[in-house]
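Enquirer: These protein sequence lines map, in sequence, to chains G and D. Under this note's numbering, the very last position in the first sequence is 129; numbers go up by exactly one each time. Under this note's numbering, the very last position in the second sequence is 235; numbers go up by exactly one each time.
Among the clues, some could well be false.
[What the hints assert, rightly or not] Calculated pairs, DSBU-like style, for lysine-lysine (alpha carbon to alpha carbon, straight line, at most 35 Å):
| id | chain 1 | residue 1 | chain 2 | residue 2 |
| --- | --- | --- | --- | --- |
| 1 | D | LYS115 | G | LYS121 |
| 2 | D | LYS90 | G | LYS21 |
| 3 | G | LYS90 | D | LYS115 |
| 4 | G | LYS118 | D | LYS115 |
| 5 | G | LYS79 | G | LYS121 |
| 6 | G | LYS118 | G | LYS90 |
| 7 | G | LYS116 | D | LYS98 |
| 8 | D | LYS115 | G | LYS79 |
| 9 | D | LYS144 | G | LYS116 |
| 10 | D | LYS144 | D | LYS115 |
| 11 | D | LYS115 | G | LYS21 |
| 12 | D | LYS90 | G | LYS69 |
| 13 | G | LYS21 | D | LYS144 |
| 14 | G | LYS46 | D | LYS115 |
| 15 | D | LYS144 | G | LYS46 |
| 16 | G | LYS69 | D | LYS115 |
| 17 | G | LYS21 | D | LYS98 |
| 18 | G | LYS79 | G | LYS69 |
| 19 | G | LYS121 | D | LYS98 |
| 20 | G | LYS90 | D | LYS90 |
| 21 | D | LYS115 | G | LYS116 |
| 22 | D | LYS144 | G | LYS69 |
| 23 | G | LYS46 | G | LYS116 |
[As the list claims (entries may be wrong)] Pairwise CB distance ranges, derived in the manner of DEER restraints:
| id | chain 1 | residue 1 | chain 2 | residue 2 | range |
| --- | --- | --- | --- | --- | --- |
| 24 | D | GLU224 | G | GLY48 | 46 to 56 Å |
| 25 | D | THR52 | G | ALA89 | 49 to 59 Å |
| 26 | G | ASP120 | D | ILE166 | 50 to 60 Å |
| 27 | D | LYS90 | G | ALA89 | 20 to 30 Å |
| 28 | D | ILE235 | G | THR114 | 48 to 58 Å |
| 29 | D | GLN223 | G | LYS121 | 48 to 58 Å |
| 30 | G | ASN49 | D | ALA231 | 53 to 63 Å |
| 31 | D | GLU104 | G | ASN39 | 38 to 48 Å |
| 32 | D | GLU224 | G | GLN124 | 21 to 31 Å |
[Said to hold, decoys possible] Short derived list, chain G residues pointing at chain D, Cβ under 7 Å:
| id | residue |
| --- | --- |
| 33 | MET16 |
| 34 | ARG18 |
| 35 | ILE19 |
| 36 | LYS21 |
| 37 | ASN22 |
| 38 | TYR105 |
| 39 | PRO109 |
I should point out that these hints are in silico values taken from the structure, not numbers from a laboratory. In this text, all values refer to a predicted model and were calculated from it rather than measured experimentally. Every residue, glycine too, gets a C-beta built ideally from N, C-alpha and C.
Given next are the chains, with one letter for each unit.
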Amino acid sequence: MSADIRFLVVDDFSTMRRIIKNFLNDLGYSNVQEADDGNTALPILKQGNIDFLVTDWNMPGMPGLDLLKAVRADPALAKLPVLLVTAEAKREQIVEAAQAGVNGYVVKPFTAQTLKEKVDKILQSRAAG
Amino acid sequence: MADDIQSLAETYGPLLAQLNEAVARNDEPAFRAAVDAMQEQREGDVTRALRTLTGSLLDAMLTFRKEFRISALAEREVPDARARLNHVMKLTDEAAHKTMDLIEQCGPLADRANKTATMLLERGVDVPAGFRSFLQQTADDCSKVRANLNEVIIAQTYQDLTGQIIRGVVTLVGEVEHVLAELMRMTGATNATSGNAERTEAPVGHGFGPAVPGVSTGVVQGQEDIDALMAGLGI
């Protein structure tokens, strides 16, 4: 696993972006960009400089699920690891996200351990793939 | 029901008789005239019913306009509620960032103490056992402090969670505001017409809660203002 992995954290709440960015820094990942919804995230992703997307679901503008679908629909981004970190906790939503191709799903509030496990797991699958 | 039938029989009976007579006489113009008369009678009934209904509605609207605090709600209290909720989101956002600022300052201090204690232990310098124990304890404690600080940062998630809930309520309040404004427009209620529209503020003794910018009035602008005010009062 490389510490050079480039993350994009998408959340409309600056508090949450900062929490996740801080957490990733603690894990040794210092290359973290931010966006506040899918509409601002997508152009960043399309530049091709992001290796891992962490996104909220419920955001004004383009929500996380639409962003996920847009990512999966773009051949250049289709394989990008996507972790949803969201307060949306309905079973049907989790199923929908899974069907849309999400790699991991963390429900807020979360512990550092949970977030670490999900990030690690996705990165391990990515390394194995 | 019997009364209704009786009333209908009284109203329509003569017309019915005219119809029957016209049929008996084979008198088409008379038959048509009787049908027209029945139709006119029927339309008159509907018009009277509509007039009664309109009157009731007008009465209801006048009562509503007079007694309900619609204009106070629509023009001030509901928008105020929205401003208050937005202010709560702002305060929690600021508090969460302030907390994280401090943690980001404290984390490296704990790291530094941990690193220094560990380095001294690893050097194996000849120090009393008590001091070695202290260094070990310091290193362990600093690791624990660092881990706890990380958890405090994660705990700031509350701001996002409460914020999302509040944002939902703000949207709902906005919709209520829109409906109230529409009701005001329909009933013609205004501040001038709604006599009971004045806000019933709690007495000072109950307290007003934290000041909300744009909502609270007569609020001091900080401790300096309070000190100046107190000094002005000779305290």
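Enquirer: If a hint holds in the structure, say so; if it doesn't, say that too.
Expert: Hint by hint, here is what the structure shows:
{"no.": "1", "hint": "D/LYS115 <-> G/LYS121", "verdict": "holds, 29 Å"}
{"no.": "2", "hint": "D/LYS90 <-> G/LYS21", "verdict": "holds, 21 Å"}
{"no.": "3", "hint": "G/LYS90 <-> D/LYS115", "verdict": "violated, 44 Å"}
{"no.": "4", "hint": "G/LYS118 <-> D/LYS115", "verdict": "holds, 29 Å"}
{"no.": "5", "hint": "G/LYS79 <-> G/LYS121", "verdict": "holds, 15 Å"}
{"no.": "6", "hint": "G/LYS118 <-> G/LYS90", "verdict": "holds, 19 Å"}
{"no.": "7", "hint": "G/LYS116 <-> D/LYS98", "verdict": "holds, 24 Å"}
{"no.": "8", "hint": "D/LYS115 <-> G/LYS79", "verdict": "violated, 40 Å"}
{"no.": "9", "hint": "D/LYS144 <-> G/LYS116", "verdict": "holds, 18 Å"}
{"no.": "10", "hint": "D/LYS144 <-> D/LYS115", "verdict": "holds, 13 Å"}
{"no.": "11", "hint": "D/LYS115 <-> G/LYS21", "verdict": "holds, 24 Å"}
{"no.": "12", "hint": "D/LYS90 <-> G/LYS69", "verdict": "holds, 32 Å"}
{"no.": "13", "hint": "G/LYS21 <-> D/LYS144", "verdict": "holds, 21 Å"}
{"no.": "14", "hint": "G/LYS46 <-> D/LYS115", "verdict": "violated, 41 Å"}
{"no.": "15", "hint": "D/LYS144 <-> G/LYS46", "verdict": "violated, 41 Å"}
{"no.": "16", "hint": "G/LYS69 <-> D/LYS115", "verdict": "violated, 45 Å"}
{"no.": "17", "hint": "G/LYS21 <-> D/LYS98", "verdict": "holds, 16 Å"}
{"no.": "18", "hint": "G/LYS79 <-> G/LYS69", "verdict": "holds, 12 Å"}
{"no.": "19", "hint": "G/LYS121 <-> D/LYS98", "verdict": "holds, 32 Å"}
{"no.": "20", "hint": "G/LYS90 <-> D/LYS90", "verdict": "holds, 28 Å"}
{"no.": "21", "hint": "D/LYS115 <-> G/LYS116", "verdict": "holds, 23 Å"}
{"no.": "22", "hint": "D/LYS144 <-> G/LYS69", "verdict": "violated, 41 Å"}
{"no.": "23", "hint": "G/LYS46 <-> G/LYS116", "verdict": "holds, 26 Å"}
{"no.": "24", "hint": "D/GLU224 <-> G/GLY48: 46 to 56 Å", "verdict": "holds, 53 Å"}
{"no.": "25", "hint": "D/THR52 <-> G/ALA89: 49 to 59 Å", "verdict": "holds, 54 Å"}
{"no.": "26", "hint": "G/ASP120 <-> D/ILE166: 50 to 60 Å", "verdict": "violated, 33 Å"}
{"no.": "27", "hint": "D/LYS90 <-> G/ALA89: 20 to 30 Å", "verdict": "holds, 26 Å"}
{"no.": "28", "hint": "D/ILE235 <-> G/THR114: 48 to 58 Å", "verdict": "holds, 54 Å"}
{"no.": "29", "hint": "D/GLN223 <-> G/LYS121: 48 to 58 Å", "verdict": "holds, 51 Å"}
{"no.": "30", "hint": "G/ASN49 <-> D/ALA231: 53 to 63 Å", "verdict": "holds, 59 Å"}
{"no.": "31", "hint": "D/GLU104 <-> G/ASN39: 38 to 48 Å", "verdict": "violated, 29 Å"}
{"no.": "32", "hint": "D/GLU224 <-> G/GLN124: 21 to 31 Å", "verdict": "violated, 57 Å"}
{"no.": "33", "hint": "MET16", "verdict": "holds, 4 Å"}
{"no.": "34", "hint": "ARG18", "verdict": "holds, 6 Å"}
{"no.": "35", "hint": "ILE19", "verdict": "holds, 6 Å"}
{"no.": "36", "hint": "LYS21", "verdict": "violated, 10 Å"}
{"no.": "37", "hint": "ASN22", "verdict": "holds, 5 Å"}
{"no.": "38", "hint": "TYR105", "verdict": "violated, 16 Å"}
{"no.": "39", "hint": "PRO109", "verdict": "holds, 4 Å"}
Checked against the numbered hints given earlier, this structure breaks hints 3, 8, 14, 15, 16, 22, 26, 31, 32, 36, 38; the rest are met.
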